[in-house]
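Heads up: the sequence lines are chains A and B, in that order. For the first sequence, numbering that gives the first Met the number 0 gives the first residue as 0, with consecutive numbering after it. For the second sequence, numbering that gives the first Met the number 0 gives the first residue as 0, with consecutive numbering after it.
Please keep in mind that the hints were generated in silico from the structure rather than gathered at the bench. Quick caveat, the model's predicted, so the values are computed rather than measured. Hints should not be assumed to be uniformly reliable.
Unchecked claim - In silico DSS-like links for lysine-lysine, alpha-carbon gap of 25 Å or less: (1) B:Lys-261 x A:Lys-179; (2) A:Lys-97 x B:Lys-172; (3) B:Lys-89 x B:Lys-99; (4) A:Lys-97 x A:Lys-138; (5) B:Lys-89 x A:Lys-19; (6) A:Lys-19 x B:Lys-216; (7) A:Lys-118 x A:Lys-141; (8) B:Lys-260 x A:Lys-179; (9) A:Lys-138 x A:Lys-1; (10) B:Lys-30 x A:Lys-180; (11) A:Lys-118 x A:Lys-40; (12) A:Lys-101 x A:Lys-140; (13) A:Lys-158 x B:Lys-79; (14) A:Lys-19 x B:Lys-131; (15) B:Lys-51 x B:Lys-9; (16) B:Lys-148 x B:Lys-86; (17) B:Lys-172 x A:Lys-101; (18) B:Lys-30 x A:Lys-158; (19) B:Lys-7 x A:Lys-186; (20) A:Lys-179 x B:Lys-172; (21) A:Lys-97 x A:Lys-40; (22) B:Lys-260 x A:Lys-180; (23) A:Lys-97 x B:Lys-131; (24) B:Lys-7 x A:Lys-19; (25) B:Lys-148 x A:Lys-186; (26) A:Lys-32 x B:Lys-269; (27) B:Lys-260 x A:Lys-186; (28) A:Lys-118 x B:Lys-131; (29) A:Lys-118 x B:Lys-9; (30) A:Lys-180 x B:Lys-269; (31) B:Lys-269 x A:Lys-179; (32) A:Lys-180 x B:Lys-261; (33) A:Lys-186 x B:Lys-86; (34) A:Lys-180 x B:Lys-7; (35) B:Lys-51 x B:Lys-131; (36) A:Lys-103 x A:Lys-32; (37) A:Lys-118 x B:Lys-99; (38) A:Lys-138 x A:Lys-19; (39) A:Lys-179 x B:Lys-7.
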Amino acid sequence: MKEISIGKLAYSKLFLHLAKYPQLSCNGILLSKPSKNSSVKFVDCVPLFHSSFTLAPAFEIALSQIDSYCQQNGLVISGFYHAFDNNNQTEPNMMCYKLAEKLKENGDVSFCLIVDNSKINPSNREPCFNVYSFGDDQKLKKFPGNLNLEEGTYETCEKLLEENRFSLINDFDNHLDDVKKDWRNLKLNENISAVESLSAK
Amino acid sequence: MSTKNLEKIKNWNDASLQLRNWRDDNVRMSKETLDLWTGYIAPSINRLGDEKWLVYEQVFLAALDCQNFPIAEDCLAALKAQFSSSKRVKKLRAMRFEAKEDYHSALEIYESILEEDETNAHVLKRKLVCLKAQNRINDYVRELNEYLKLFQADHEAWLELCDTYLNEMDFAKAAFCLEELILMYPHNHVYQQRYADIKYTQGQFDLAKTYYLYSLKLNPNNVRSLYGLLLTTANLKSSQKTKEGSDNTKLNLWAREQIEKKYNDVDSDKNLIDSVNSLFQYLTIGKNEK
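Same shape as in the complex, but just chain A (with noise of 0.2 Å):
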């Protein structure tokens, strides 16, 4: 495989998460379109916690509605995002190859992207994580390939970022604290589209 690529979509919400809560570690789970050829695209993420990562129960709930939801949508789970909440930490942990390795049980290869916090300010213009992939060697190793971005994606969250719309996203977190949060987060699905297509006039 020699590239993947991010929606806006995908993009948006993830840097909303990571801006939701500035002070604490992050995670999601990145889906995409099943391909037949070798590229991955990202097209939407759903934010998954951002406390107790490695507590089964709730991981479990999240992941079974999230299958459910991408059978409806017919998209896979083809990886996850970590953003530590220590500024220094850059390499992915114990956890985070325990994850790839659950998550590649869907296909031939796992992605994590794990967020590069000195690379996450609005004004940045390249993608604020690294990316790694966890194949059949079951070794989680730096991805080497290109890594594509689809156009106006960092204006899209500066943007989004201005109008303080990471309030607005919901977790799965948030959702098992009231059931009432949708982790689809549709609603601002909605939103960043707008955003998109004021940026792209």
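Position chain B relative to chain A; hints supplied.
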């Protein structure tokens, strides 16, 4: 100032009241605090009277959080002028070094405070945080354990130690921390539920089920406990004798009904309910009538 939280603030009085509420609840709303400071409070700080010193401290900490050092310096200067020999202000000076990641200077100040006042819990905790910030997790865990020997009733510290063990995937030790918390606060449904979560993660489904039930007795609306009950009874179905088996079936069904009700009560859309139902099919034992 367009955050949702600040929509209700119309004037100086609202702003100072909001700051007081955040102070009392110990909430970390750093960006909003700075917005209120620059927008309303700073121009007429003396209207606060003696409360202004608390506000200076509050804004100082918010400014450090947001790496806004000019505001931090202003607040610190005012506090130093008023309370020149205060240990509390000295601690704030050290925290400014922490914010700049100069842990060496911060620790020097903390050590000097502790020389005069060995059991100053705030400063002992700041020392711990310096270790955590430098990612020296082993040292952090060791020192946090030492701290807890002195301050056994500090529930926040127990929670922090529990979280740290969970991140290191040391579930046995994390469970121990929660046991201490449950002893101190036996009526807290969150601690019971989190303990059950850990037991489930360790594969001890029977024990997990028991604690989910305790948690639900204390708060039948705890959704995590309801899901937990569903998961544990589903996992136990294959290892049951008759009485236990039928109890598990009843609990499983009850949990399922409660969860369904929760989703219906908030008018969840069809797709979300379908997702939840597919989960039920996977986890239901006994007859599935739907």
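For the pair we were handed, B:Lys-269 and A:Lys-179, check the Cα-Cα distance against 25 Å. Holds - the C-alpha atoms of A:Lys-179 and B:Lys-269 are around 14 Å apart, at most 25 Å.
Next pair to validate is A:Lys-118 with A:Lys-141; report whether the Cα-Cα distance is within 25 Å. Holds, at roughly 17 Å.
With the threshold set at 25 Å, check whether the alpha-carbon distance from A:Lys-179 to B:Lys-172 stays at or below it. Violated. A:Lys-179 to B:Lys-172 sits at ~34 Å, over the 25 Å cutoff.
With the threshold set at 25 Å, check whether the alpha-carbon distance from B:Lys-148 to B:Lys-86 stays at or below it. Between B:Lys-148 and B:Lys-86 the Cα gap is close to 24 Å, so the pair holds against 25 Å.
For the pair we were handed, B:Lys-7 and A:Lys-186, check the Cα-Cα distance against 25 Å. holds (24 Å)
Are the Cα atoms of A:Lys-118 and A:Lys-40 separated by 25 Å or less? Since the Cα atoms of A:Lys-118 and A:Lys-40 sit roughly 21 Å apart, the hinted pair holds (cutoff 25 Å).
Holds or violated: B:Lys-261 and A:Lys-179, Cα atoms, limit 25 Å. With Cα atoms ~9 Å apart, B:Lys-261 and A:Lys-179 stay inside 25 Å; holds.
If you draw a straight line from the CA of A:Lys-180 to the CA of B:Lys-269, is it 25 Å or shorter? Holds: A:Lys-180 and B:Lys-269 sit about 15 Å apart, inside 25 Å.
Measure nothing beyond the straight line between the CA atoms of A:Lys-138 and A:Lys-1; if it is 25 Å or shorter, mark the hint as holding. The hint holds at about 18 Å.
B:Lys-51 paired with B:Lys-131 [C-alpha distance capped at 25 Å]: At roughly 32 Å apart (the allowed maximum being 25 Å), B:Lys-131 and B:Lys-51 break the hint.
Proposed proximity, A:Lys-40 with A:Lys-97 (alpha carbon, max 25 Å): holds (23 Å)
Between the alpha carbons of B:Lys-148 and A:Lys-186, is the straight-line distance 25 Å or under? violated (49 Å)
Checked against the numbered hints above, the structure violates hints 5, 6, 13, 20, 25, 29, 33, 35 and 38; every other hint is satisfied.
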